[in-house]
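Residue numbers (our numbering), protein chains in the order written: chain A, 1 to 370; chain B, 1 to 276.
Just so you know, these hints were derived from the structure itself, not from any lab.
Hints are not guaranteed to be accurate.
[What the hints assert, rightly or not] Pairs of lysine to aspartate or glutamate residues, derived as EDC-like cross-links and limited to a Cα-Cα distance of at most 20 Å, are as follows: (1) Lys142/A x Glu212/B; (2) Lys7/A x Glu35/A; (3) Lys152/A x Asp14/B; (4) Lys43/B x Glu239/B; (5) Lys307/A x Glu209/A; (6) Lys148/A x Glu87/B; (7) Lys75/A x Glu87/B; (8) Lys148/A x Glu130/B; (9) Lys203/B x Asp221/B; (10) Lys43/B x Glu212/B; (11) Lys148/A x Glu69/B; (12) Lys142/A x Glu85/B; (13) Lys142/A x Glu124/A; (14) Lys152/A x Asp112/B; (15) Lys75/A x Asp153/A; (16) Lys260/A x Glu117/A; (17) Lys238/B x Glu268/B; (18) Lys148/A x Asp112/B; (19) Lys152/A x Asp221/B; (20) Lys148/A x Glu85/B; (21) Lys75/A x Glu10/A; (22) Lys7/A x Asp50/A; (23) Lys7/A x Glu124/A; (24) Lys142/A x Glu87/B; (25) Lys199/B x Asp221/B; (26) Lys199/B x Asp138/B; (27) Lys148/B x Asp112/B; (28) Lys43/B x Asp14/B; (29) Lys121/A x Glu90/B; (30) Lys148/B x Asp170/B; (31) Lys197/B x Asp170/B; (32) Lys260/A x Glu290/A; (33) Lys43/B x Asp170/B; (34) Lys197/B x Glu217/B.
[Stated by the list, open to error] Only some residues are given here: those of chain A computed to face chain B with a beta carbon under 8 Å: (35) Glu45; (36) Leu49; (37) Ser66; (38) Leu67; (39) Gln89; (40) Ala93.
Note that the Cβ used here is the ideal one computed from N, Cα and C, for glycine as well.
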Amino acid sequence: MTENGFKVEEIAPGHLSIELQGEFTRGSLGSIEKEAASVSFHGVERIRLDLSRLEHVDSAGLAFLSLFTQRAQSKGLTIDAIAPPPDIQEALAMLALPEPEKKGKGASHGLLVGLAERTIKFKETLLLFAVLTADTVAFSLKSDVRTKRVRKDAVWMEAERIGLGSLPIVALISLLVGLVVALQSAYQLRQFGANIYVANLIAVSMTREMGPLMTAIILAGRSGAAIAAEIATMMVTEEVSALKTMGLNPVRYIVVPKFKAITWTMPALSIFASFLGIIGGFIISLLYLELGTEVFFNQVLKSLIVKDLVTGVIKSIAFAWIIVLISSFYGFRAYGGAESVGRVTTQSVVASIFWVIVADAGFSLLFYFG
Amino acid sequence: MDTANTIPHHQRMDIAASATNLSVGYGSGLILEDVSVRIPAGKITCVIGASGCGKSTLLRALVGLAPPEAGHVELLGSSFYDMVENEQEELLSHIGLMFQDGALLNSLSLRDNLLTPLRAHTSLSPELLEEIIRMKLDLVGLEASSHKLPGELSGGMRKRAGLARAIALDPQLLLCDEPSAGLDPLTAAYLDQLIIKMKRLLKMTVVVVTHELSSIETIADWVIHLRNGGVHFSGPLKEARESKDPVLVSFFSRVPERDNANRVTLAESFGIGGNP
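Just chain B, with the same shape it has in the complex (with noise of 0.2 Å):
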């Protein structure tokens, strides 16, 4: 592809993408507050923590589409939010992102989804063009409904089409919001497959957002855990299941923790204690 050549050097990199000190939100309202994370290259790393401790926030920030208050980005060597318009577009091409509801646009079919990034970005001949769409909608299973617009397929499909859009340019980097949430066990068991097969063949970096305990134990090489708009845990997935920390062992262990200290409750309050 043409671009290809135009990003130097990060093959030999260690480090994928990282953030240093960076906070996003507004004032009082930042959602990630002073987080630095590393995102070691060609492994897969889960994002994960409670609903609204920031992990989508992080995605977003990471790829520009959250600009922070304060902080720095790096992206595939590069400082991105220190870049020029057009450099940034340049090494998103780089980037594929999965959007937690697929986000098509939803006036073109399948197969015009997946042929925007690749005319934007390649000046392959139209037949080269077809034949990797065909492929990358034969991999998530969907080369069947290639013309049909996203308002025709469920929920399930549009995630995949979405991954099948995010890796229409075999990206080096690829972020995936929650792929496999809503998704029937065996779709979701296949898209963990294949987040694998992707990291080993095409030597990605990915970057998963999930909850999903099955899907972190299958596909994580290292877990990063945000808790309360900061980083709580960063490290292999191993070092995460056998980590004491009783945050950690609460989530890996399904209990459910209450992080409210403050939290007093009724029966608290009439001194009958919770368990009767």
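So here's chain A without its partners, still in its complex pose (with noise of 0.2 Å):
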């Protein structure tokens, strides 16, 4: 077996003559590539590439030379080459050098118009949203009797789905929730000897803000994250497309279902957890308190106005709508495969909780000064 080797000599002035043998393959290219890469074209003005001692070259060997050559070309090098064996001329043949014009493709642009850029897509990324909610308010007045024939149960599945399916875990984390708030505050208002406000105290909280708040963060982690990995998955797998050719609108078919059970069920698991939060209230007031149950719910029920309930049910319908809208416009942005059904939903998730959250600020003061 030949040595494998580069080697460079200057055979008159200007004139590199180099010849390349034995095996030019990915385990022997090591210092091959170190000694071509110290070879200076500095005064130089042909090559004479022997190629004819080559015995095997394989992917590596390729692009060595392919890089090499593209090296001595930059430079404005004429390269004379000495035919390799015949089965290395024809993979040569088969190998074709980049195109000039293509070099610099996809440069980046300055930051300003990096700017104008991500504006704009803002801009159609809330029109886009905007089309959502209103083609899912329009449709879910005005049902289209294609759709209703298809999805007959649609709601009452999905309302199964998002409400019943919630309410375990909606009970639990309400009822631990409550729990805390009431020994919290209880281990304050002792020093004060007025425990008993521990019960206006969960009654409060727990009906204007926690209750509704708890469950929207449940439910944006749980059906939220269904929802767009659901509808995403459908996206890649074309069946939304094949929805549509079939004379159906996705909106109305996927969206619009969902929408209308989540406007009914998520004010009634925020009633359920709100109550489920006073009972843990309750709960510590027996046992850390010594207050009795005719005392407990006798504050708890002077505490409360009408304003409160209404406050919650009104709070928990516009986390429902963020939740479902947010989900949905997320899945709906799913495109290629597997990768993106996983990112959307994460997206969804991220960006439901955070604007639950903006909304429960908003309407905090808009209901404090209101």
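Got two chains here, each in a separate frame; can you build the complex from them with the hints?
So, in structure tokens, the structure goes:
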């Protein structure tokens, strides 16, 4: 076997002879690559490239030859080659050099151009979200005979999935939140002998704030993620396209039943959560503060006004719409493959929780001053 | 079927679908540029061309899945993109699209997949609907799998189920995206015969995007050859087969053609040519 090598010799002023011999493979290229990189083309006009003693070339060897040739050509050098053995010559004929005009394509734009592009994209995103919201609301008010025939019990089915399915986890978390809030407030109020006000605090905070908010966060994680993943999967498997070609509007078919279902299951869940939170507070009052059952519930009823309940229900409906619209919107943005499903699902959960909390802050301000 | 009389006069038309000066894609990334095609009624048209030349995009643009940047689409005598959404949905009930991978609704069984378009566009009795579904599934050899979910089927079966759903409403225009790709030769040949029968018996106009030469030779009446985002040839199969055009000759004789004139190989750059 010939020794692998890359021999460089100056045969005349400005005329190099490079002889390649042996195997040019991924295993043998290490030192050869360094040798080749150290060859200076300064003052060189012509290269005589002898490939006749090459024995074997794999993809790495071909890539080496390609890069070496590109480097030489970029300096304006002429290469005269002595042909390699037939199979290697055939391999060289398969491999194309990159087209010069393609170089530098996709170069990054300036900061301002990037900013402008992002602004335009954001505007388009907002517009698309507005269209989805308008379509969903309009289609919810005016049903269509085709979709109705196909998806007869869809709203009930979705209500069962979103509402009934979330009941155990909402119940458990609300009870625990009630226990914790009662315990923390009792710790402070005891110092002033104001134990009895634990009931007021729990009743107002659960109905106005914690009930709707905790339910919304649970649903954003549980049902919101499921909605986004379901729609995203339908997008990547072309089910959404198939619906369109069957003359069925995807928003009517997929989003509207979920929108209708969540609009009434969310307030119900939120009232249920508030009730269990109060029960949590009651357990602490009974065991830790020694308040009687009658005293506690009298205090709860005294502290609650209709506005508290209405506030909670309004908030929970708004949160429900935020969750279903944002999750659906992200779901419809999926394209490509499985990676995209995961990405939009994560984005939808993060965005839903963020906007639920922003809306909650807005409502708190509105109802505090209102 | 209760929507059948809402589409006017198209049975008498010579052209079932047409696209005029159609451009699809975005800005400099146009996939189809200034494409004009006419799909003759009652015939099987094969859209052929190399991978990535825009065949599937043309199909999608015809039915509203890839709205064009510019141009005009006429389907069964109606200007598709000038219609309101409800009219488009109505028109689509007369058109069947068979997707490359079936695009079945994964949460529904095969039976329910076929039931979806039937329920949406007809008010037939449940017994009749069941019988139609049985017949269509039998036609594609899937009657025994009617209660299976798409995930439980092989790729070829999903494809056939996709065809059954596309023909559920006896469409006047059937569009198939690579119906025989990935199928065993016998099933592919069976599908070819099925497409020919549907054209003849149901007077369907069929558009088939395909690469399969044997399939083209068997079913095509008309051929549209797309190349580099434009129409390179449109005419009867016989004319395409007899054409001296090097691109068509290369396609039909299965001799690979590299269409990149600027391509310089390493061997050429060494001045040693390709053939040792």
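Consistency of the hints with the structure:
Restraint check for Lys142/A and Glu212/B: the C-alpha separation of about 47 Å exceeds 20 Å, so the hint is violated. For the proposed pair Lys7/A and Glu35/A, the alpha carbon gap of about 9 Å is at most 20 Å, so the pair holds. Taking the CA atoms of Lys152/A and Asp14/B, the gap is near 40 Å; set against the 20 Å cutoff, the hint is violated. As the CA atoms of Lys43/B and Glu239/B are separated by approximately 15 Å, the hinted pair is consistent with the 20 Å bound.
Note on Lys307/A and Glu209/A: the hinted pairing holds, with a Cα-Cα distance of about 13 Å set against a maximum of 20 Å. Straight-line distance between C-alpha atoms of Lys148/A and Glu87/B comes to about 17 Å, which keeps the hinted pair within the 20 Å bound. The straight-line distance between the Cα atoms of Lys75/A and Glu87/B is roughly 64 Å, outside the 20 Å bound, and the hint therefore fails. At most 20 Å may separate the alpha-carbon atoms for a hinted pair to count; Lys148/A and Glu130/B meet this at roughly 19 Å.
A hinted pair counts as satisfied when its Cα atoms are at most 20 Å apart, and Lys203/B with Asp221/B qualifies at roughly 14 Å. Note on Lys43/B and Glu212/B: the hinted pairing holds, with a Cα-Cα distance of about 18 Å set against a maximum of 20 Å. A hinted pair counts as satisfied when its Cα atoms are at most 20 Å apart, and Lys148/A with Glu69/B does not qualify at roughly 33 Å. For the given pair, Lys142/A sits about 15 Å from Glu85/B by alpha-carbon distance, which is consistent with the 20 Å threshold.
For the hint linking Lys142/A to Glu124/A, the alpha-carbon distance of about 27 Å lies beyond 20 Å, and the restraint is violated. As the CA atoms of Lys152/A and Asp112/B are separated by approximately 13 Å, the hinted pair is consistent with the 20 Å bound. Distance hint between Lys75/A and Asp153/A is unfulfilled; the C-alpha atoms sit about 73 Å from each other, more than 20 Å. Pair hint Lys260/A plus Glu117/A does not hold up; C-alpha atoms about 36 Å apart against a cutoff of 20 Å.
Restraint check: the Cα-Cα separation between Lys238/B and Glu268/B comes to about 38 Å, which exceeds 20 Å; the hinted pair is violated. Restraint check for Lys148/A and Asp112/B: satisfied, since their Cα atoms lie roughly 15 Å apart, inside the 20 Å limit. A hinted pair counts as satisfied when its Cα atoms are at most 20 Å apart, and Lys152/A with Asp221/B does not qualify at roughly 43 Å. With a C-alpha separation of about 17 Å, the suggested pairing of Lys148/A with Glu85/B holds against the 20 Å cut-off.
A hinted pair counts as satisfied when its Cα atoms are at most 20 Å apart, and Lys75/A with Glu10/A qualifies at roughly 17 Å. Annotation: proposed proximity of Lys7/A to Asp50/A holds, straight-line Cα distance about 10 Å (limit 20 Å). Restraint check for Lys7/A and Glu124/A: not satisfied, since their Cα atoms lie roughly 60 Å apart, outside the 20 Å limit. For the hint pairing Lys142/A with Glu87/B, the CA-to-CA distance comes to about 17 Å; that is within 20 Å, so the pair holds.
For the proposed pair Lys199/B and Asp221/B, the alpha carbon gap of about 11 Å is at most 20 Å, so the pair holds. Under the criterion of a C-alpha separation no larger than 20 Å, the hint pairing Lys199/B with Asp138/B is consistent with the structure, at around 18 Å. At most 20 Å may separate the alpha-carbon atoms for a hinted pair to count; Lys148/B and Asp112/B meet this at roughly 10 Å. About 10 Å separates the Cα atoms of Lys43/B and Asp14/B, which keeps this hinted pair within 20 Å; it holds.
With a C-alpha separation of about 33 Å, the suggested pair Lys121/A and Glu90/B falls outside the 20 Å cut-off, and the hint is violated. At most 20 Å may separate the alpha-carbon atoms for a hinted pair to count; Lys148/B and Asp170/B exceed this at roughly 23 Å. With a C-alpha separation of about 13 Å, the suggested pair Lys197/B and Asp170/B falls inside the 20 Å cut-off, and the hint holds. Between Lys260/A and Glu290/A the CA atoms are separated by roughly 44 Å; this puts the pair beyond 20 Å, and the hint is violated.
In summary, the hint linking Lys43/B to Asp170/B is supported, as the alpha carbons are separated by about 16 Å, within the 20 Å threshold. The hinted pair formed by Lys197/B and Glu217/B meets the criterion: a straight-line CA distance of about 16 Å does not exceed 20 Å. The restraint placing Glu45/A at the interface with chain B is violated, with a minimum CB-CB distance near 16 Å, outside the 8 Å limit. Given the 8 Å rule on beta carbons, the hint for Leu49/A holds: about 7 Å separates it from the nearest Cβ of chain B.
At a threshold of 8 Å, the smallest CB-CB gap from Ser66/A to chain B is about 6 Å, leaving the interface hint in force. The beta carbon of Leu67/A is not positioned within 8 Å of any beta carbon in chain B (closest approach about 11 Å), and the interface hint is therefore violated. Annotation: Gln89/A was flagged as interfacial toward chain B, and the flag holds, the nearest CB pair being 4 Å apart, inside 8 Å. Here the hint on Ala93/A is kept, as its CB sits about 3 Å from the closest CB of chain B, short of 8 Å.
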